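**Q** What follows is each chain in one-letter form.
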Amino acid sequence: MHKKMMFSFPDEVLEHVFSFIQSDKDRNSVSMVCKSWYEIERWCRRKVFVGNCYSVSPRMVIRRFPEFRSIELKGKPHFADFNLVPDGWGGYVFPWIAEMAGAFPWLEEIKLKRMVVTDESLELIAKSFKNFKVLVLSSCEGFSTDGLAAIAASCKNLKELDLRDCEVDDLSGHWLSHFPDTVSLVSLNISCLGSDEVSFSALERLVGRCTNLRTLRLNRAVPLDKIANILRRAPHLVEFGTGTYAADLRPDVYSDLAGAFSSCKELKSLSGFWDLVPAYLPAIYPACSKLTSLNLSYATIQSPDLIKLLSQCPNLQRLLVLDYIEDSGLEALASTCKDLQELRVFPSDPFGAEPNVSLTERGLVAVSSGCPKLQSVLYFCRRMSNEALVTIAKNCPNFTRFRLCIIEPRTADYLTLEPLDVGFGAIVQYCKDLQRLSLSGLLTDRVFEYIGTYAKKLEMLSVAFAGDSDLGLHHVLSGCESLRKLEIRDCPFGDKALLANAAKLDTMRSLWMSSCAVSFGACKLLGQKMPRLNVEVIDERGPPDSRPESCPVDKLYIYRTVAGPRFDMPPFVWTMEDDPSLQLS
Amino acid sequence: MELRLGLALPTPNIIKGFDLDNHKPKETGGLGAWNKPSKRSFEQAFGNFKEECKAKTLLLWSGQPNEEEDHKDQTKTTFSTIDENDAEEVDQVMGWPPIKTWRKKIFRQQHRVGRTEYNRVADEENGGSVYVKVKMEGVAITRKIDIRLYHSYQTLTNSLITIFTKDRKCADDDHTRYTLTYQDKEGDWLIAGDIPWQSFIKNVQRLEIVKKWG
Numbered sequence: 050m051h052k053k054m055m056f057s058f059p060d061e062v063l064e065h066v067f068s069f070i071q072s073d074k075d076r077n078s079v080s081m082v083c084k085s086w087y088e089i090e091r092w093c094r095r096k097v098f099v100g101n102c103y104s105v106s107p108r109m110v111i112r113r114f115p116e117f118r119s120i121e122l123k124g125k126p127h128f129a130d131f132n133l134v135p136d137g138w139g140g141y142v143f144p145w146i147a148e149m150a151g152a153f154p155w156l157e158e159i160k161l162k163r164m165v166v167t168d169e170s171l172e173l174i175a176k177s178f179k180n181f182k183v184l185v186l187s188s189c190e191g192f193s194t195d196g197l198a199a200i201a202a203s204c205k206n207l208k209e210l211d212l213r214d215c216e217v218d219d220l221s222g223h224w225l226s227h228f229p230d231t232v233s234l235v236s237l238n239i240s241c242l243g244s245d246e247v248s249f250s251a252l253e254r255l256v257g258r259c260t261n262l263r264t265l266r267l268n269r270a271v272p273l274d275k276i277a278n279i280l281r282r283a284p285h286l287v288e289f290g291t292g293t294y295a296a297d298l299r300p301d302v303y304s305d306l307a308g309a310f311s312s313c314k315e316l317k318s319l320s321g322f323w324d325l326v327p328a329y330l331p332a333i334y335p336a337c338s339k340l341t342s343l344n345l346s347y348a349t350i351q352s353p354d355l356i357k358l359l360s361q362c363p364n365l366q367r368l369l370v371l372d373y374i375e376d377s378g379l380e381a382l383a384s385t386c387k388d389l390q391e392l393r394v395f396p397s398d399p400f401g402a403e404p405n406v407s408l409t410e411r412g413l414v415a416v417s418s419g420c421p422k423l424q425s426v427l428y429f430c431r432r433m434s435n436e437a438l439v440t441i442a443k444n445c446p447n448f449t450r451f452r453l454c455i456i457e458p459r460t461a462d463y464l465t466l467e468p469l470d471v472g473f474g475a476i477v478q479y480c481k482d483l484q485r486l487s488l489s490g491l492l493t494d495r496v497f498e499y500i501g502t503y504a505k506k507l508e509m510l511s512v513a514f515a516g517d518s519d520l521g522l523h524h525v526l527s528g529c530e531s532l533r534k535l536e537i538r539d540c541p542f543g544d545k546a547l548l549a550n551a552a553k554l555d556t557m558r559s560l561w562m563s564s565c566a567v568s569f570g571a572c573k574l575l576g577q578k579m580p581r582l583n584v585e586v587i588d589e590r591g592p593p594d595s596r597p598e599s600c601p602v603d604k605l606y607i608y609r610t611v612a613g614p615r616f617d618m619p620p621f622v623w624t625m626e627d628d629p630s631l632q633l634s
Numbered sequence: 082m083e084l085r086l087g088l089a090l091p092t093p094n095i096i097k098g099f100d101l102d103n104h105k106p107k108e109t110g111g112l113g114a115w116n117k118p119s120k121r122s123f124e125q126a127f128g129n130f131k132e133e134c135k136a137k138t139l140l141l142w143s144g145q146p147n148e149e150e151d152h153k154d155q156t157k158t159t160f161s162t163i164d165e166n167d168a169e170e171v172d173q174v175m176g177w178p179p180i181k182t183w184r185k186k187i188f189r190q191q192h193r194v195g196r197t198e199y200n201r202v203a204d205e206e207n208g209g210s211v212y213v214k215v216k217m218e219g220v221a222i223t224r225k226i227d228i229r230l231y232h233s234y235q236t237l238t239n240s241l242i243t244i245f246t247k248d249r250k251c252a253d254d255d256h257t258r259y260t261l262t263y264q265d266k267e268g269d270w271l272i273a274g275d276i277p278w279q280s281f282i283k284n285v286q287r288l289e290i291v292k293k294w295g
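Quick mapping for you: the protein sequence lines, in order, are chains A and B. Mapping to our numbering: the first sequence position 40 is 89, numbers consecutive. Mapping to our numbering: the second sequence position 23 is 104, numbers consecutive.
Be aware that one or more of the hints could be misleading.
Unchecked claim - If you want a taste of the chain A side facing chain B, the calculated C-beta under 10 Å gives, among others:
1) Ser346
2) Pro396
3) Phe429
4) Cys454
5) Phe514
Derived by calculation from the structure, the hints in this document are not laboratory data. Just so it is clear, the structure is predicted and the values come from calculations on it, not from any experiment. Positions of the beta carbon are idealized from the N, C-alpha and C atoms, including for glycine.
Turn these sequences into a full structure, and let the hints guide you.
**A** As structure tokens, then:
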């Protein structure tokens with residue numbers, strides 16, 4: 050065996066080449082080429098992404114990547130967004146911060162999703178990282194404005210503070226005043242804050258001195274008549290979220306506002322618009338022609354006003370809206386916004402028994418037909434047909450994300466009363482690049498057969514109230530080659546498919562099953578046989594071994610890990626033990 | 082004994098299933114095997130247990146939403162009015178439709194207040210309803226009342242007595258004395274009645290009826 054010298058570049062050359070490789074997946078591939086590439090790559094990886102905070106320990110990450118500057122962590126399973134994960138489940142960031150605080154004074158960026166972040170963690174961040182620049186907390190909870198005050202006061206180089214969708218304990222609006230005079234934020238998102246004690250003068254002053262501010266998302270408490278002043282202090286804003294967009298109609302307030310919006314020549318994205326009063330909407334018209342992203346999902350604006358607005362936005366790429374838009378509004382959208390790539394339609398009355406708006410499958414069909422670049426859809430509606438789904442699939446073979454939620458579980462095709470298997474089958478068949486799919490409506494095992502057969506690029510699948518038997522689950526686990534995340538609730542899937550496809554779970558990030566038919570015995574077996582999986586049973590009824598082994602568990606969360614079982618579980622979570630004597634050889 | 086749980090990429094012909102009862106691999110021939118009547122017996126076997134266990138789950142869930150609502154709403158102000166009666170959530174399927182919690186709250190607020198413009202900035206006297214949560218010590222369910230319906234502390238307390246008389250457990254007798262307390266905008270808990278009524282309704286975030294101390 051002789052070395053081929055022509056293939057050994059100096060390390061610096063390889064490092065330089067690797068620096069152009071940003072994507073996590075590619076970096077992982079690079080590191081597996083050979084031992085020396087592994088070594089070089091690990092020393093120059095600057096951004097670390099950990100999709101499941103329990104899949105690896107902080108110490109392991111630091112040991113492998115001694116020079117990273119940015120870390121992204123995700124905690125709770127996705128279904129936590131819908132209250133299916135009980136409080137106290139886990140996802141604490143503190144151990145990570147503590148480990149990094151000691152080893153890494155030069156850390157610059159922390160991005161967290163669905164994690165529990167305490168004030169203590171925030172204070173530790175503020176104290177430990179002298180060059181800290183970016184804090185993005187997405188759907189996190191556990192902290193208060195005290196923690197934010199610590200960050201504001203100590204992180205002199207802070208550029209980005211984004212608290213999207215967080216639950217924050219609002220103790221005092223004065224945390225904003227803790228920012229020093231020298232801070233120069235580029236991005237500030239406080240839209241989740243509830244308190245009406247945000248100090249407006251502190252906010253105005255802060256905005257005024259952050260001359261590089263490009264993103265500003267205010268919270269609902271900021272009244273309409275304060276917006277103009279703020280906008281005038283930040284004429285280079287690219288992304289802006291208003292507060293309450295409601296006030297008595299006053300000409301001076303209106304013209305002030307309109308003037309301010311027209312002075313922001315670089316605005317591309319607008320959001321906020323709580324309690325929107327249509328009379329004030331034309332104030333944003335000057336900005337509309339350049340808008341690429343519009344989030345009106347908090348605005349109870351009716352279809353005619355929406356149509357008028359959308360006709361001003363020909364360059365729109367992303368729209369979030371309530372179902373007040375109705376089919377007529379979506380038809381107008383389809384004819385005006387030819388660049389549309391992403392559409393999300395949320396229900397205005399999700400718990401009402403009867404439809405309160407005229408939004409049906411027709412709206413989505415219209416958009417699929419009129420917008421050739423449509424890639425990502427989230428659509429809540431009350432009726433659907435196979436025919437419509439097939440049309441949509443044929444119109445949009447470029448879909449990467451398709452999430453349909455028919456509000457009433459197990460709703461059949463309203464025309465034929467058949468299951469919607471064929472419709473979703475068409476989606477996976479025509480949309481060859483589909484990465485994410487959420488199912489709803491009446492579905493049998495057949496839809497899973499289609500998915501297993503066609504959805505080869507599918508990475509994430511969400512299933513609820515669907516299927517007839519284990520065969521359904523078996524199709525998915527055995528057929529979907531790219532599957533990373535599978536979340537299932539209220540389906541008649543049990544032990545057989547899970548155990549028969551146990552090895553598949555090693556290739557996935559995680560599997561969630563709640564209100565299904567997986568027995569405690571099967572969970573134990575899986576835990577024993579699969580050393581690289583954590584099999585966690587969540588059951589608030591009490592210890593699973595106080596019931597027969599054949600009794601189904603309430604909730605099951607299985608994820609692959611190299612860190613072994615975790616030790617921060619609450620009393621209602623049990624990890625199934627590894628059994629070394631029964632391991633596969 | 083070497084046990085095989087299954088292949089990562091099963092060949093079309095053979096799938097090794099795992100039989101819980103016998104703890105040894107069972108060769109079921111082909112995908113067609115899944116259509117065997119054994120599917121039904123599987124369902125039968127599980128049917129009873131599932132029903133039993135499901136019933137227990139439902140009972141448990143009926144206790145949950147109230148607690149959770151309370152916890153999450155702590156930071157809400159009178160500005161963002163509180164949503165529907167907690168009791169309604171019990172009838173709905175947990176976590177369905179799949180809408181994030183904070184979005185659900187916004188929908189409910191808007192639904193309550195109606196599509197009429199809710200204007201906080203202008204004349205508050207003509208503004209919409211302002212709902213505050215009322216909790217009574219010893220009672221599991223939190224109530225919500227529209228504070229604007231009352232014009233004095235007397236009318237408020239009379240109404241609360243009526244509402245909570247139904248809820249009180251039998252263990253508490255009529256001789257137990259209660260105090261009405263409220264949380265103001267600064268987050269402090271104070272005894273109701275000290276400040277003028279008009280100031281009170283502008284400040285009150287939530288109410289709690291506690292057993293009188295001493």
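**Q** Was the hint right that Phe514/A lines chain B, CB cutoff 10 Å?
**A** Given a least distance of 8 Å, the restraint on Phe514/A holds.
**Q** So, as I understand it, the hint says Ser346/A touches chain B; can you test that by seeing if any CB pair is closer than 10 Å?
**A** Holds, about 8 Å.
**Q** Answer holds if the nearest beta-carbon of chain B is closer than 10 Å to that of Pro396/A; otherwise answer violated.
**A** 7 Å, holds
**Q** Does Phe429/A hold up as a contact with chain B if the rule is Cβ-Cβ below 10 Å?
**A** At 6 Å from the nearest chain B Cβ, Phe429/A passes the 10 Å test, so the hint holds.
**Q** Was the hint right that Cys454/A lines chain B, CB cutoff 10 Å?
**A** Hint holds; Cys454/A Cβ to chain B Cβ min 6 Å, cut 10 Å.
Comparing the model with each earlier hint shows no violations; every hint is respected.
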